[in-house]
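Taking the hints into account, I'd like the entire structure generated from these sequences.
In my numbering, the protein residues as written are 1 to 366.
Not one of these hints is a red herring.
As a list, the in silico DSSO-like pairs of lysine-lysine whose alpha-carbon atoms are at most 27 Å apart: (1) 146 / 172; (2) 26 / 201; (3) 320 / 356; (4) 275 / 289.
Hints were generated in silico from the structure; no laboratory data involved.
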Amino acid sequence: MADMRLSTSLERYVSLKILVADESLKSTEGSILRMICGGNSMHPGQRFTPRLLDEFSFDGPNGRHVCLVQEPAGCSIAASKEDSVNFMFPTETARSIAAQLIMGVSYLHSRGVCHGDLHTRNFLLRGPGLDSFSPDELYNRYRLDKAPVTRVDGAAVEPHAPPYAVYPVHIKMSAANLVGPIVRISDYGTSFAVATEPSPKLHTPALYLPPEDFFNEPITQDVDIWTLAVNLYEVLGERALFETFGWDRDDTIAEMVSTLGSPPARWWDAWENRKEFFELDGSWVRDMKRIYTPVFRPLNQRMWDMGCGEAPESCQWDVKEGEMRALEELLRGMMAFEPALRLTAEQLMESEYMVKLERRREDGLK
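Right under this line is the structure:
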């Protein structure tokens, strides 16, 4: 549960993340945040990760709750796109967000942290300044809607639940009008320290999950590289990279094959529902019973389907100077089926795509 309070000692608003009692004792989120905050401040990606301002706990009727104090933020990238008619950021804004996400993940990996749950609702935009508002002024500006809490059996909810719940504040930041964004990679509840943790369980939405999760193979830091690639496509374009009905897991695997080709033989053979999509030779089944369009759409074609222009002459990316090609090469390297063959976060920072973005930034400052 997240909350926002005015800290009288800091004279600023802060964000409170209050963990449920059942999770507080085993949660590692506080320790992960301390690992992140203790890093090299010279790394360009540190500013895109959160600062842990304080940590404390209190006892309630359900047990002890850990509270994490952080800086408040605006809406998520997902919400920003949803508030826009065309679901897209301006070209320079999209480039900036993509670069920030790459730098942020690079910093996390340099600290030995795997985020493990990268998706567009965990990427927060820096919101408007709030510290000049009094609490009353803040509540007048951002309405807080309440809803009563009831039990299905009609019994009293207190003391183990509050009498009402408060809907999250929605700070509207339409993607279409966003300029000069600052991103923060948030939510480290399922993150893990690479050196000490056993293979964890991922809770990422299916569309962003790496293939090794579908086939119950060990989870390593390489999962962040795959999920970041899927997110970059969505940030830079209009739509998701993989499009399925109801985020179905088998549909997602089929989308991977459609985009990237056949997976390793051990996965292809282990895929229980493969026969609903593909023949043994890799061709589509003729009489498909699923809600799925049996057409191969390779990554290169999907690059032109991003909503940024369908021809070199109309494309928003710098096709002539190789930006589109560099982006495709970057995504392809990030989405190697074999985790060990994916680009590392350090290699992302040194990629041709990032070099081109930095060159554009420098040219814009001249």
